[in-house]
Amino acid sequence: MAHLLLRHRDIPNLDQLDVYVKNGGFEAFKKAVTAMQPDAVTEEVKASGLRGRGGAGFPTGVKWSFIPKNITPHYVVANADESEPGTFKDREIMDFNPYQFLEGLAIASYAVQANLSFVYLRGEFYYLAKKLDACIAEMEKAGYLGDNLFGTGFSLRLRTHLGAGAYICGEETALLESIEGKRGQPRVRPPFPAVVGLYSKPTVINNVETLANLPYIVTNGAAGFRKFGTDKSPGVKIFSLSGNVNKPGNYELPLGATFRELIMGCGGGISDGRKLKGIMPAGASSSIIRVDDTNLDKVLDTTMDYENVQSVGSLLGSASVIIIDDSHSMDWVINKTVHFFKHESCGKCTPCRDGNYWMLHLVERIHEGHASAGDIQLLKTVANQVNGKCLCALGDFSTMAVTSALERFPEDFHVGQA
Amino acid sequence: MAKLINLTINGVAVTVPDGTLVVDAAKKAGIDIPVFCYHPKMEPVGMCRQCLVEIGRPAIDRATGQPALNDDGTPKLQFMPKLETACTNPVSEGMVVLTATEKAKAGQKELLELLLTSHPLDCPICDKGGECPLQNLTVEYGSSQSRFIFDEKQRADKHVHLGELINLDRERCIQCARCIRFQRDVAGDPVLGFYQRGRLTDIVTYSDPGFDSVFSGNTTDICPVGALTTADFRFGARSWELKQSASLCAQCPVGCNVTFNTRREAKSGGVMAIKRVMPRQNEQVNETWICDKGRFAGYHYTEAESRLGLDAASMESALSQAADKLAAAKSDAVFLAGGRLSNEDFYNLKQLAAKLGAKAYLYSPMAGGEYTTAYGLGAGSNLGDLGKDDTVLVVASDLYNEAPVWHLRLKAAAKRGATLIVAAGRATKLDEFASFVVRYAYGDEVETVKGLAGKEKIGDAIKNAANLVVFYGSDGLGLAGTSALAAACADLLNGKTGKVNNGLVGVWNAPNTQGAYELGLAPAADLKSELKGKTVYVIAADPAGDDPALADALKSAKAVIAQDILATATTQMAAVVLPAAAYTEREGTYTTAERRVQRFYLAVPAKAGTRADFAIFAELGKKLGVELEGRSALLVMNKIAAEEKAFAGISYARLAEVTAQWPIVGRGDLYYGGTGYENKLGLGVHLALALTPAPSTSGRGGQMRPKENELVAVPVSKIYDLGVTMAPAKLLGQRIGAAAVGLNPVTAAKLNVENGGKVQVQVNGVTAEAIARFDESISTGVVLIYRSFGIPISEPTSVKIVVAEKA
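Top line first, the protein sequences correspond to chains P and Z.
Reminder that position 268 of the first sequence reads as 455 in my numbering, one-by-one numbering, no gaps.
Reminder that position 579 of the second sequence reads as 637 in my numbering, one-by-one numbering, no gaps.
Simulated from the structure, these hints should not be mistaken for laboratory data.
Just so you know, these numbers come straight off a predicted model, no measurement behind them.
Check the hints yourself; a few may be wrong.
To be verified - Some chain P residues flagged as far from chain Z (calculated, every beta-carbon gap over 12 Å):
1. Asn200
2. Lys209
3. Gly239
4. Pro255
5. Gly333
6. His348
7. Glu448
8. Glu551
9. Thr590
To be verified - Straight-line Cα separation of at most 20 Å, EDC-like style, residue types lysine to aspartate or glutamate; simulated pairs:
10. Lys417/Z / Glu299/Z
11. Lys446/Z / Glu490/Z
12. Lys301/Z / Glu645/Z
13. Lys513/Z / Asp447/Z
14. Lys211/Z / Asp562/P
15. Lys140/Z / Asp583/P
16. Lys788/Z / Glu341/Z
17. Lys858/Z / Asp833/Z
18. Lys567/P / Glu210/Z
19. Lys256/P / Glu230/P
20. Lys616/Z / Asp584/Z
21. Lys369/P / Asp247/Z
22. Lys413/Z / Asp390/Z
23. Lys161/Z / Asp583/P
24. Lys697/Z / Glu685/Z
25. Lys167/Z / Glu494/P
26. Lys523/P / Glu210/Z
27. Lys369/P / Asp260/Z
28. Lys788/Z / Asp270/Z
29. Lys317/P / Asp202/P
30. Lys417/Z / Glu685/Z
31. Lys167/Z / Asp727/Z
32. Lys211/Z / Glu551/P
33. Lys388/P / Asp727/Z
34. Lys776/Z / Glu766/Z
35. Lys369/P / Glu101/Z
36. Lys61/Z / Glu151/Z
37. Lys408/Z / Glu151/Z
38. Lys369/P / Asp243/Z
39. Lys167/Z / Asp90/Z
40. Lys163/Z / Glu198/Z
Just so you know, even glycine gets a beta-carbon here, dropped at the ideal spot from N, CA and C.
So here's chain P without its partners, still in its complex pose:
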């Protein structure tokens, strides 16, 4: 099947404007601007059932409809921070199929009537920022960006903005702070960005992959999009597969594909012929799915969409599927995740800042074999103490792997020999 998002795998040199245009590029944007009312675009996207690919799975068209028309200007910001460990899908889109993403951003901008939109990239993506800048320049030259596009009154300019490399800046309000030149730290909500966003103006923030879907939806309509995926989770999704599999990488599958198709089919099975022990479907923020002889088939046959992953005790999130085989102890795994969160905690709120620091000491003690019986229980307590009290969702996410590992893999946590 031809790819919808990773089209560059089917069409060589798709990152060149002429190639992209030759293959139908910017037809959707032109159609939207010249033949559709902005609200009609929003309605089409609503009807398509497209849900945010950054992790939360919120319906994209609904998000756009929150933008108040009486407060201007509006902004669209593409979240290209992609900082969840295990996620590397947006990078591939921007590197090899950049115009499709930028066209999607342009369509979104038209739908909410934004005349200036931003691409926010993590600091490590400086080479992509350079590439996108070049693409934007090409688009301006070719008349796809600028004033009075396609002879209409609609004008649009795009800008890239590089962060300084912080996980928290993937959180949308921290991202906005960062664009404004402030410390990347989450804001209190409400007000939500749809009303008080970038520079205190109504702002839509969409993930790169979400935006890359838009040209297809505009061209083929909601019905065309709904040919893929499930009723509640329509469309295709790029799954970033990593960990103990033979063929890690990005795989574009319809939502509702099973773990088996991804791991055993695309990924070629578990490496070194080992057994599957755990799956982290949403990167480091995942609750870890326990896989053993009793539930192997159930898990592998679980469909990957926004609803069903819950049935095996986790969430789809950004679909950064990390595979853990039976050579790994879960105390090692959460030592890694807590290390990450302790390092990346922005420090704005107490539970995340101090909780991850504390948890790190506990998991290190456990991992190094110095834990007392109380430490394992205490780790659980501290994780619960943090969860649900943080300023932003990322703080709460930092405890997911810890809580699930302790609960589902108790045999991996040992009291040390004194």
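Keeping the supplied structure of chain P fixed, place chain Z upon it in accordance with the hints.
Below, chain Z alone, put in the same frame as chain P:
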């Protein structure tokens, strides 16, 4: 008036205005919700997460859009699965807040345990110990034991100087950002910030010199832990040893209410000594803030080594000598008194001078009080009430330097929507917050004010203002200039006199200049010629130290009697010296420039061999055959109230009255508003307006302006200078700096003067060295000379600047 919202908090029914935050609603109902990052004077940020509570809101039936009901007909409540922060949630109708359920209490306790994982256990050596929100809230809401292993605490620097005034202990900091937000949002001096992230998050200053703000001390009051402490109180005393004395700051005409913390200590010979200055809440004057001049210079001059004192016999003989000289001089005596005296002092002085038929003058670099007494702020005025539709005009004053708390309050008024117009001969810090900035050439002050009404937008803002407050100062002006300027400003207020939140305010340089004017004193137009051959009685002023020309004039006097708390150039040339008690050592009242009479109380016993000024006058009166009240300041005030119309109805009892203030600050609530003190001893009383008819406002304009190839020096003020009440403040030495002159680079270029270079200033018959500082905002040909830096300057005058010989 905002809509009122009904809700219950822990079952208590509460009604508060729409928009009130849950945490404030609870406070108003007397229910404590623990907070660290939240402060009632700042926007909520929800960072510390300490204020977790359960919040239920009436559920809405989706089908009908009506409130959903339980079976018994009561409204169905919807609680969030998570605890919510009381500081970020505004109240809503029918809301049910539960702050003390098992779930909420567990959340608060867990949060505190998390906070304490990063906090050292050094309370016994911490200056905040005993008045520390973290300590108090831990006792109230926390656990007595931590499950965190002490050895795993993160170590951090404990002695970081954010500047020479404020110390940071990085281990104690709980990253609440109150200090950062205060500096950014309240003070408008964003010189603090966070550095690093996560557990490494640090407070840093990015100004040079460090923590360069005149409001820095306030951050130590609102710091909820001992992370920020002041250098002057460092290891000075334990908070529970300290007594509190209500007082006023005497460094400027704002009249900030302060509390002196005192204790008896061996170092002071077993008598009470002042250990620190803390703000005392007066929402109509200084809210809960004071500036660093008040905090760090504050009372220090009253403890200077140069304090005067005489033993009983010498005092008696000095009084007799003074009385003899005055009796001999009679109407040939001239009284010259500075604005540091209290209302009671001025009153007795006036009576004494009247008895002798002598002239009594106010010693002040600024005039115009005859206008501020007639056009001053109406009773009940409060800068904190100014907002939308109101206009504030500031002319010829750099409030940040001259009256910092007004700067802060006008900035807030502008934020609330007031139109702030700043007219000055140079850029000032207030410009940033102004709606309109008017820049004039020095000398054009009066014309500028007269022209404002004719300007399109500014004129409308002045004409259509619901309320209009005009501040005028002495930036670049002397007596004649300020007098004319006051008249021009008063013109703008015609028809608004006596109205609440309307009026003219003089930015004086002393705490009670307004009081002197209210009691009928005024500066002499030509002081030098007034002194020649007279018996001059100088009180609380140092003309000889300020200006060699005045020193010469005093030399030409028949005799000089000097009365002061400190030895000065004037006391040194006096035939008789009368040592006075400092205001910290006695009772009295000051009248602020906003025309509010406020009481200060005795904080420490009077230095041996001194007496209160009003008592000295009474003592002299006795010898000169005039009966003056000298027993207590209270009794003097009773006489003032009986005889001075503006003071009618004022008594010490009334001055000590307090009404409820918001936000609630004070000892039991220091976690909420900070360690500033609540006001238990008086908010003060506004004076009635002078009943004298409006004075003629045909003030003369046309101040001195430099001609081609001519330089004109004008006097300006800097917050930290070498004046008698500043110089003894050792801690501020670095900030005072050297004498400087300001000039436009264009002017400087003609003189070959470099920025930062040394120059010789020849002015008023004196040659002095100074550092040249460029300021592009001032007109060419003008040289700014800072007052009280050793270069005499009282009026605009011609000046010569030459590059100093390079060493």
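Status of each hint after checking the structure:
1. The beta carbon of Asn200/P is kept farther than 12 Å from every beta carbon of chain Z, the shortest such distance being approximately 41 Å.
2. For Lys209/P, the non-interface assignment is confirmed: its Cβ lies about 46 Å from the closest Cβ of chain Z, beyond the 12 Å cut-off.
3. Taking the minimum C-beta to C-beta distance to chain Z, about 22 Å, the non-interface status of Gly239/P holds against the 12 Å cut.
4. Distance to chain Z confirms Pro255/P as a non-interface residue, since its nearest Cβ pair spans about 19 Å, more than 12 Å.
5. Every CB of chain Z lies more than 12 Å from the CB of Gly333/P, the least distance being 36 Å, so the non-interface label holds.
6. With 12 Å as the threshold on Cβ separation, the claim that His348/P sits away from chain Z holds: the shortest Cβ distance comes to roughly 19 Å.
7. In this structure Glu448/P is separated from chain Z by more than 12 Å, as the shortest Cβ-Cβ distance comes to about 34 Å.
8. Not every Cβ of chain Z is farther than 12 Å from the Cβ of Glu551/P; the closest lies at roughly 10 Å, contradicting the non-interface assignment.
9. Remark: the non-interface label on Thr590/P is consistent with the geometry, its nearest Cβ contact in chain Z lying 15 Å away (cut-off 12 Å).
10. For the proposed pair Lys417/Z and Glu299/Z, the alpha carbon gap of about 48 Å is over 20 Å, so the pair is violated.
11. Under the criterion of a C-alpha separation no larger than 20 Å, the hint pairing Lys446/Z with Glu490/Z is consistent with the structure, at around 18 Å.
12. Under the criterion of a C-alpha separation no larger than 20 Å, the hint pairing Lys301/Z with Glu645/Z is consistent with the structure, at around 17 Å.
13. Proposed proximity of Lys513/Z and Asp447/Z is supported: the alpha carbons are some 18 Å apart, at most 20 Å.
14. This hinted pair checks out: Lys211/Z and Asp562/P have alpha carbons roughly 16 Å apart, not beyond 20 Å.
15. This hinted pair checks out: Lys140/Z and Asp583/P have alpha carbons roughly 11 Å apart, not beyond 20 Å.
16. For the hint pairing Lys788/Z with Glu341/Z, the CA-to-CA distance comes to about 30 Å; that exceeds 20 Å, so the pair is violated.
17. This hinted pair checks out: Lys858/Z and Asp833/Z have alpha carbons roughly 18 Å apart, not beyond 20 Å.
18. At roughly 18 Å between alpha-carbon atoms, Lys567/P and Glu210/Z fall within 20 Å of each other, so this suggested pair holds.
19. At most 20 Å may separate the alpha-carbon atoms for a hinted pair to count; Lys256/P and Glu230/P meet this at roughly 15 Å.
20. Between Lys616/Z and Asp584/Z the CA atoms are separated by roughly 18 Å; this keeps the pair inside 20 Å, and the hint holds.
21. Using a Cα cut-off of 20 Å, the hinted pair Lys369/P and Asp247/Z holds, with the two alpha carbons roughly 16 Å apart.
22. Proposed proximity of Lys413/Z and Asp390/Z is supported: the alpha carbons are some 12 Å apart, at most 20 Å.
23. Proximity of Lys161/Z to Asp583/P is assessed by CA-CA distance (about 18 Å); at most 20 Å being required, the pair is judged to hold.
24. Between Lys697/Z and Glu685/Z the alpha-carbon distance is near 12 Å, which keeps this suggested pair within the 20 Å criterion.
25. The straight-line distance between the Cα atoms of Lys167/Z and Glu494/P is roughly 35 Å, outside the 20 Å bound, and the hint therefore fails.
26. Between Lys523/P and Glu210/Z the CA atoms are separated by roughly 19 Å; this keeps the pair inside 20 Å, and the hint holds.
27. Using a Cα cut-off of 20 Å, the hinted pair Lys369/P and Asp260/Z holds, with the two alpha carbons roughly 16 Å apart.
28. At roughly 17 Å between alpha-carbon atoms, Lys788/Z and Asp270/Z fall within 20 Å of each other, so this suggested pair holds.
29. Distance hint between Lys317/P and Asp202/P is fulfilled; the C-alpha atoms sit about 13 Å from each other, no more than 20 Å.
30. Between Lys417/Z and Glu685/Z the CA atoms are separated by roughly 19 Å; this keeps the pair inside 20 Å, and the hint holds.
31. Note on Lys167/Z and Asp727/Z: the hinted pairing holds, with a Cα-Cα distance of about 19 Å set against a maximum of 20 Å.
32. Taking the CA atoms of Lys211/Z and Glu551/P, the gap is near 15 Å; set against the 20 Å cutoff, the hint holds.
33. Among the hinted pairs, Lys388/P with Asp727/Z is inconsistent with the structure: their alpha-carbon atoms are about 37 Å apart, more than 20 Å.
34. Restraint check for Lys776/Z and Glu766/Z: the C-alpha separation of about 28 Å exceeds 20 Å, so the hint is violated.
35. Only pairs whose Cα atoms come within 20 Å are accepted, and Lys369/P paired with Glu101/Z is accepted, the gap being roughly 17 Å.
36. Restraint check: the Cα-Cα separation between Lys61/Z and Glu151/Z comes to about 10 Å, which is no more than 20 Å; the hinted pair holds.
37. Restraint check for Lys408/Z and Glu151/Z: the C-alpha separation of about 61 Å exceeds 20 Å, so the hint is violated.
38. With a C-alpha separation of about 15 Å, the suggested pair Lys369/P and Asp243/Z falls inside the 20 Å cut-off, and the hint holds.
39. The suggested pairing of Lys167/Z with Asp90/Z holds, with an alpha-carbon distance near 14 Å, which does not exceed 20 Å.
40. Only pairs whose Cα atoms come within 20 Å are accepted, and Lys163/Z paired with Glu198/Z is accepted, the gap being roughly 11 Å.
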